[in-house]
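Peer 1: Fit chain B to the supplied structure of chain U, relying on the hints for placement.
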Amino acid sequence: GAGVSQTPSNKVTEKGKYVELRCDPISGHTALYWYRQSLGQGPEFLIYFQGTGAADDSGLPNDRFFAVRPEGSVSTLKIQRTERGDSAVYLCASSLGVGGLIQETQYFGPGTRLLVL
Amino acid sequence: AQSVTQLGSHVSVSEGALVLLRCNYSSSVPPYLFWYVQYPNQGLQLLLKYTTGATLVKGINGFEAEFKKSETSFHLTKPSAHMSDAAEYFCAVSDINSGYALNFGKGTSLLVTP
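Taken in order, these protein sequences are the chains called U and B.
Numbering of the first sequence is given in the numbering used here, commencing with residue -6 and proceeding in unit increments.
Numbering of the second sequence is given in the numbering used here, commencing with residue -18 and proceeding in unit increments.
Same shape as in the complex, but just chain B:
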């Protein structure tokens, strides 16, 4: 069975600092990996996704993530945090055995301080 682990339920960074949100997955077959962001009282919004091909994936708002098969990781990064990045971030995995369901991690709450 597939699963996702997000290390750190809360991450705090200073404005302008590097953002690194960690995601490790387990899947017995090639995974499809997603990062979603959830702002207060809003729906989940897709930041980026990896399906096949290039392992470095660029998303919206300056975020990117790299699929590392050897490390079973899909960490999310952004070079310079902005106050508007404060939100809840979810990593999710699906694969051909899971059907159409996304399997989400527990989420990481990002706090950006001035």
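So here's chain U without its partners, still in its complex pose:
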């Protein structure tokens, strides 16, 4: 079946602008995760959803970052007043979300490459 999809694949914006990044998880997966991967680094956790609610947003760097998942499927990561330091690849992952979450395999999308000029 279809994997995790993310749109757009690339986004170029100017400093100070607002951007939205979209994630479509695997059908039936109730758990959804956002990570950020800076150049030369491993992915860093941002936020985790179980269903519609954000169960853990401890990785969001500041209040410019916000994510929603209103119907428990598609999620949108929103970044306000973008800064050059926000340039990175934003990865989305999903998992089944049925018990034993820590051990569950997270399936990753191809990412959105964000460049803030």
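Please note that the accuracy of each hint is not assured.
Derived pair list, reagent style DMTMM-like, types lysine to aspartate or glutamate, alpha-carbon separation capped at 20 Å [stated by the list, open to error]:
#1 B:Lys30 to U:Glu7
#2 B:Lys30 to B:Glu45
#3 B:Lys39 to B:Asp66
#4 B:Lys30 to U:Glu97
#5 U:Lys8 to U:Glu76
#6 B:Lys87 to U:Glu37
#7 U:Lys10 to U:Asp56
#8 U:Lys71 to U:Glu7
#9 B:Lys30 to B:Glu(-4)
#10 B:Lys87 to U:Glu76
#11 U:Lys8 to U:Asp79
#12 B:Lys39 to U:Glu97
#13 B:Lys30 to B:Asp66
#14 U:Lys10 to U:Glu97
#15 B:Lys30 to B:Glu69
Please keep in mind that the hints were generated in silico from the structure rather than gathered at the bench.
Peer 2: Relative to chain U, chain B alone:
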């Protein structure tokens, strides 16, 4: 707090040679350990994972890893490298205190030469 260290940001091997990618972790409680591979312009793909039970874990594409608690290591190996193994490899750890987040290492870029 948990962390992962991957020794060697770049590893080069000849086709047919042994692949060894090193990963050391720190965790105050029993860890769950993962290896992911990332091909250019593709998403991360799980190679293998250790949760509980047998410490030698076999994954896809002929890779395996052994959890060694005494050495806090989870090194990834493959007996014979193939050109198609060239990619970026990430070790990750989670535990019951980290919630659901995977904590990744910085990655190791594997180059396979003819």
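Peer 1: Can you name, in rising order, the numbers of the hints this structure does not satisfy?
Peer 2: 1, 9, 10 and 14
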